[in-house]
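Peer 1: Start from chain A and add chains B, C, D, E and F according to the hints.
Chains as they are written, first to last, in my numbering: chain A, 12 to 263; chain B, 12 to 263; chain C, 12 to 263; chain D, 12 to 263; chain E, 12 to 263; chain F, 12 to 263.
Everything labelled a hint here was simulated from the structure, so no lab data went into it. Hints should not be assumed to be uniformly reliable.
[Said to hold, decoys possible] Using 25 angstroms as the maximum straight-line C-alpha spacing, the simulated DSS-like pairs for lysine-lysine come out as follows: (1) D:K95 <-> B:K95; (2) E:K228 <-> D:K228; (3) B:K95 <-> C:K95.
Since this is a predicted model, take the numbers as computed values, not measurements.
Number of protein chains: 6
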Amino acid sequence: MSSIVRADGRATDQLREITIERGWSAHAEGSALISFGGTKVLCTASFTNGVPRWLTGKGKGWVTAEYAMLPRATNSRNDRESVKGRIGGRTHEISRLIGRALRAVVDTKALGENTIVIDCDVLQADGGTRTAAITGAYVALADAIEWGREKKFIGKNSKPLLDSVAAVSVGIIDGEPMLDLAYVEDVRAETDMNVVVTGRGLFVEVQGTAEGAPFDKRELDALLDLGVAGCADLKDLQLKALDPSTGSGIQR
Amino acid sequence: MSSIVRADGRATDQLREITIERGWSAHAEGSALISFGGTKVLCTASFTNGVPRWLTGKGKGWVTAEYAMLPRATNSRNDRESVKGRIGGRTHEISRLIGRALRAVVDTKALGENTIVIDCDVLQADGGTRTAAITGAYVALADAIEWGREKKFIGKNSKPLLDSVAAVSVGIIDGEPMLDLAYVEDVRAETDMNVVVTGRGLFVEVQGTAEGAPFDKRELDALLDLGVAGCADLKDLQLKALDPSTGSGIQR
Amino acid sequence: MSSIVRADGRATDQLREITIERGWSAHAEGSALISFGGTKVLCTASFTNGVPRWLTGKGKGWVTAEYAMLPRATNSRNDRESVKGRIGGRTHEISRLIGRALRAVVDTKALGENTIVIDCDVLQADGGTRTAAITGAYVALADAIEWGREKKFIGKNSKPLLDSVAAVSVGIIDGEPMLDLAYVEDVRAETDMNVVVTGRGLFVEVQGTAEGAPFDKRELDALLDLGVAGCADLKDLQLKALDPSTGSGIQR
Amino acid sequence: MSSIVRADGRATDQLREITIERGWSAHAEGSALISFGGTKVLCTASFTNGVPRWLTGKGKGWVTAEYAMLPRATNSRNDRESVKGRIGGRTHEISRLIGRALRAVVDTKALGENTIVIDCDVLQADGGTRTAAITGAYVALADAIEWGREKKFIGKNSKPLLDSVAAVSVGIIDGEPMLDLAYVEDVRAETDMNVVVTGRGLFVEVQGTAEGAPFDKRELDALLDLGVAGCADLKDLQLKALDPSTGSGIQR
Amino acid sequence: MSSIVRADGRATDQLREITIERGWSAHAEGSALISFGGTKVLCTASFTNGVPRWLTGKGKGWVTAEYAMLPRATNSRNDRESVKGRIGGRTHEISRLIGRALRAVVDTKALGENTIVIDCDVLQADGGTRTAAITGAYVALADAIEWGREKKFIGKNSKPLLDSVAAVSVGIIDGEPMLDLAYVEDVRAETDMNVVVTGRGLFVEVQGTAEGAPFDKRELDALLDLGVAGCADLKDLQLKALDPSTGSGIQR
Amino acid sequence: MSSIVRADGRATDQLREITIERGWSAHAEGSALISFGGTKVLCTASFTNGVPRWLTGKGKGWVTAEYAMLPRATNSRNDRESVKGRIGGRTHEISRLIGRALRAVVDTKALGENTIVIDCDVLQADGGTRTAAITGAYVALADAIEWGREKKFIGKNSKPLLDSVAAVSVGIIDGEPMLDLAYVEDVRAETDMNVVVTGRGLFVEVQGTAEGAPFDKRELDALLDLGVAGCADLKDLQLKALDPSTGSGIQR
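The shape of chain A in the complex, shown without the other chains (with noise of 0.2 angstroms):
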C-alpha cells in the first residue's frame, strides 16, 4: 500500500480501532457493541420461537433487521422518525442491506420455524455505521442462535449459521484507495463502497457508487482487495468476541 498517512495517523489499509462487548443488553438474547473508532453501534438479536404468518408451516426460520440512530448520535441533531412519522429512504436502504447480509449466512431450514429481529441502534456516529452495524450484528445473531439451541428452539444437530459475515467501507480518496473511512474521510470521497464479506471471504454484497466522478474497473478491483481484506481483519475481531468454547456456532 501506499505511505501516505491519514488524519488520524492510519495507513490507507487499516481499521480503525476496532472494539466488541459483546453480552452488552441484560435482556436480549444475543447483543454486541460494536466501535469503529468512533463510531458506536449496539446491536441486540430477539429470538423468538414462531414465524410470521406468511411462512407458518414451510418448516423454515426468519432472520430480519432494523437500523436506526439516536437524534444526536450526529454531529448536529436529527428530528426522530418517530416524530416525523415516517421512516426515511436511507434507514429502509440499511435495514434491508443488513437483513440481506445476515440471511445470506444462515440455513433457514435449519434454524428451524423461529423468528430473530435484528435491531442496531446507532448511538454515536462517526462514518461506517451500516458495516459496523452487519459486523456487531452478527456476533449477537450467534449469541441468539447459541441461545435458541440451548432452549432446545433449535435442534441439538442443526447449523443454521453457515460461515460468519463482516462488513467495511472503502473508497477513493485524492485518487488514493483506502480503508474503513471515518466521516471526514467519508464526506471527501470520490467514490464510496461498501464489502460484505463471509469468513470464507466471498461476497455478498458489493455496492459501489460515484459520489464524484464516475470510476473505472482497475479503481473497483483496488477497492474490492481493501475490502476483502479488512473484512478478514474483522472476522478475527468476530471470533474473538465469540466464546471460542462454544464454537461461536458456526458450522464447519
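Peer 2: Positioned in the frame of chain A, the structure of chains B, C, D, E and F alone reads:
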C-alpha cells in the same frame, strides 16, 4: 424505616446503585449516560443559537425534551414507534414531563434566545426510566448551558439555572412504601408515584396513581417523604458528577 | 377559607355552576352532557359484549376512554387532529388519565367479558376540561353498566362499580389556593393540580405541576384539601343526576 | 303529494322538526346548533383577518369547511379518524361539498382578505347530516360576516353574502319520492339525492345516486321539485333564526 | 344544437376523439387504455376468488375502484399522494364515484363470492378524467367477469352484468351547454356536471355543481339531455371495443 | 459467450427488445415511454426554474427522481402506497438510485438554479424495472435540459450533461452469467447485479447481491463485463431516440 429487605437486598428507603457518565457523547453539547440499577438512559443536550419562530424576538430561550426507548430495552421486544408511524401516549406523556421538569429550573430570560433540546433514550429498562431520564437530563442540560456560556451565546453574568432538579419513583408494595422501584417491584405496586424535586427540596411535579386500591392522605404523605429524601441523595450525585470547579452552572 | 372574591364572584373554595344532562345521547348506552361553568363536555359510554382479543378468556371486562376537543371549543381555532394525521401528546395524556380514573372504581371481574368505551368530547372549553370529563364520564359509565345488566350481559348479582369517582382542578393564584379554575385563572396559576377522588374520599390520582415557582409541602396539602372537598360536592351532584331508584349501580 | 304516511307520521313532502340555536358557542364568531329531527350538528364559523399565503394580495377572501362526526353520534361507535390517522373518503367528500355550497353565495371580493373556516361537527346522527350541516353553516357564516363588519375587517358597504343557501335530502322509497329522509328511510331508499338551493331558488349542487336500480328523468324531476320546495321552507327558518333587525347580512 | 364552434373545432354536442385499447395490460384479468382526446386513463380489473372478510358467507361478490393520477399527468407536477402520506379528498371522491357507478350495473349475487378491484390511473389529463375512467373501467370489468367465467369462478349461467355503464361531463360555458369538456373548457365552465348513464339510458349518478353562478331547472335539463346523448355514443364505442362474439358478458 | 438459449430465445449476452417512445407526454418538458421486453416505464422530466430553499443562492441546480409502480403492473395486485400511507423501503431505495445515477452525469453548476424532477412510473413490470427507469429517465432528462436551454433558463453555452447514462441488470442462473433478466429469470438468479454505466463506459453504480450462495471475484468480473457491454448497446439506442440534429445536449 422498616426492617423489610427487598429482592435486591435494599432497604425500603434506599436507592439502587446510581452511576452518571458525564460527557458520554462526543458530539452533544452536554450529555450523560445515567444508570439506576439496570435502567440505563443516554441523555444528550443539543444547544442551538436561536429559538423556534413563535418565540422569536421575545428575548427568551426554549428547553424541550424527547424520550424514547430502544426496541429491545425491555424484556421482550417492542415495535419501533418510527415503524408504527405514530408515537404512543406513554412516550408523549413522559417527554412532556421531562420538559416541564427541566423548564422549572431554567430562567428562560437568562438563557437568551437559545434552544436546548434534550434527548433521553432508554438503552436498557428496569423500572424508573422517566425518573432516571430527568435526573440525567439535568446533568446534560447543565453542561450544555456551560457550553453556551463558553461560546458567548449566553451572557457572562447570566445564570439560566435557578436550581438543580432530580426525580425518583416511590410506591406502596404489600402496604409498605418503597423508594426507587425496580421493574419487578413496579408491577406489584398498589400505588405508584413519581416525584420531581429541586435541589432546594421543593416540588416541581407530583404524580401519584392508584394502580390497585385508591390511597389515603397518610399513604400519600409517606410516599412524598420518601421521594423528597431520595431526590436529595440524587442531587448530591448530580453535583458530584458535574465538575465542581466550573460551579456546574447553578445560580446560588 | 379566605375572603378573596374571584373574577366570577366565587369564593376560593367554590365550584362553578355544575350541570349534568344525563342521557343526552339517543344512541349511547350511557351519556351525560356535563358543564363546569363555560366548559361543556359530551360524555358517551358505548357498551359492547366481548373484549379485545388480548383479554379474551380471562373472565374480565375492559374500560377505556378517549378525549378530544372540537376545533372551535377554544377561544381561537385549533386544527383537527384527524387533519393533522396524528394525536397530540396532551390528548393522549388526558385520554389515559380518564381511563385510569374510571378503571379505579370498576371491578373488571364483575363486569364480565364486556367492553365499555367512554368518549369525552369537549364542545366548549373554559378550563378544567379533563376534570369535567372524568366527572361526567362516571355518570355515563354507571348508566352503561345498568344497561348491560338489563340486557343480561352483566350478571344480576354482579356489582362492577366499586365506588363513584369525580375530579376537580385546584391551583395557587397570587399565593392563594383556589378550587375549580376557569381558563383565565388557569393561565395565571403558579401551581396547577388535578385530583381524582372516589366517593369514599380516597385518592385515585394526584397530578400537581409547578407552572411557575416550585411549591412546598404546605401548599401541596392546602391544594389536596380543597380538591377533596370539591370532589365530595361533585359526588353529590353525580348521585343526584343518576336515578336514585335504580341505585345508580354502585356497590355498597 | 301522495297520502302515504311515514314511520314518524310525516307527509312525503314534510320536513322533520327543524330547530336552529343561533349563537350556541361562546367563542366562535358565528355559530348554530341545528337539528333536523334526531340529527344534531354544531356549526361554528371562525373568522380570521388575512388569507392563506396562496391568496395573499389578490384582494379576495376565503371560505372553507370541515365536517366530522363524534364517534358515538351513530347507532354503533365508529373509531375516531384522529386515532386512525387518516380522514375517510366520506368525510372529505362532505367537507368539500359544504365548502362549495357556502362559497356559491359568497362574493369573495366583497369579503376582503379575510378567512372564514366553518366547522360542522355531528353530535348525533339520524340521516341528512350533510344537508343539516349546510343549512346550519349558513347561519354561522352570516353571523361571522356580521362580526367581521362590526370589527371593520369588512367594509361598511361590502355585501359578501349574495344570497342564502340551504340543503335537503330527497329520495325514492318504495317508488315514492320523499323529503328529508331519516336514517331508517335513507337505508331503504332506491335513489338518494341531495340538493343545495339558494334563497332565490337556484341550484348550487345536485347530487343524485342510484342506490338500487338506476332512475329515469321523471323520477329525477320529482325529486328536484321536492328538494326545491324543502329548501324554500329551510330558508324561512334560517331567516327567522337570524336577527331580522341586523338584516342578516344578505345582499338584497 | 347551436352553431358554436369550440376551440378544437367540435360542435357543442360532440365528443372528443375516443379510443379504447382493450387488453392493454399483460397481467390484469381485464384492462383498457382509454383516451378522451388528451385524457388517457389506464384501467385494469383484478379478479380474485373470494371476498373481504365482512362479506364472507353471504353468497355475494364485491366490486371496488381506486383512482389516481401520475404526478406529471397534468400541466404542472403534483406531489405524489404516497409521498404526502395521505390521499386527497378529490381522489377519494372520484374513487368512490367509480365504484358506485360500476356496482350499479353488477348483480353481486350472480358474481358469486369473487372480488374485482378496478384501478384507474390517469397517465395524462386534459379534463374529464373521472368520466373517462368510468367508461374505460366498464370495459375492463366486462373482460374480468368473462375471465372469471372461463376459469369457472362464475357459474356458466350467471349473468353478473345487468347493463353497461358510461359517463361524460357536460357544462355551461358562456351560457352554452357543451358536451365532454376539455381542460381549457372545464376551467371556464359556469356549471359543471358529470352524468353516469347505463346502456339502457337510465341515470346512475348525476352530479352538478355551480362553479360560478347558481343554475336553474332549464339549464339543468339541457345538460342532462346532452349527457344522456353523449353516454349513448360512448356505449356504442364500448360495445365495439368488447369482442362481439363473446357477447361482452352483458345480460340481455 | 455460451451457447445456452434462454426461455425467450435470447443469447446470454443479449438484451430484450428495447423501445423508447420519446416525447410520450403532452405536458412534461421531457418524457419517454421505455420498454425492456414486457417491462414498460413512463419517465417524465419536470423542469422548474428555481431550486429548493436549501440550495438557493449557491448557483447550482438540482436533479431528483421518484419511482413507483401501478398497483396492477405486476402479476398479482399490490396495494397502493398512497392507500397504505407510507412508501416502502424498495420504492425509496430505487428512487434514490435513479437520482444518484442521473446526478452523476449532470454538471449542476452548468444547470444553473433550476430543478428537474424525474418521475418513473412502472406501467407494466417484467423484471429490470429500475434499470429501464434509469435508461429512459436519461432520455427525458436530456429533453428537459434542451427545453430549459430553449426557454433561456439555461445559458446558451452551458453544457449540463457531462455524459449519457444507462443501466442494466445481470445475474447468474444455473452458474451462467446472463444479461437483462426477465422476471422469470430474476427469481431464479443466484446472484443479481445492477450496473449503471456512462456513455464513456465508466461505472456510476455497481450493486451486486448474493440471493443464493455468496459469489467470488471471477463471477463478479464476468457480470461486470456483461453489464458494461449491455449498457453500451443501450447508449446507442438512447442516442438514436434523441434527435441527432439537436446533439442531445451532451457535452463533448
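Peer 1: Could you run down the list of hints and mark each one as holding or not?
Peer 2: Hint-by-hint comparison with the structure:
Restraint check: the Cα-Cα separation between K95 (chain D) and K95 (chain B) comes to about 12 angstroms, which is no more than 25 angstroms; the hinted pair holds. Using a Cα cut-off of 25 angstroms, the hinted pair K228 (chain E) and K228 (chain D) holds, with the two alpha carbons roughly 13 angstroms apart. Using a Cα cut-off of 25 angstroms, the hinted pair K95 (chain B) and K95 (chain C) holds, with the two alpha carbons roughly 17 angstroms apart.
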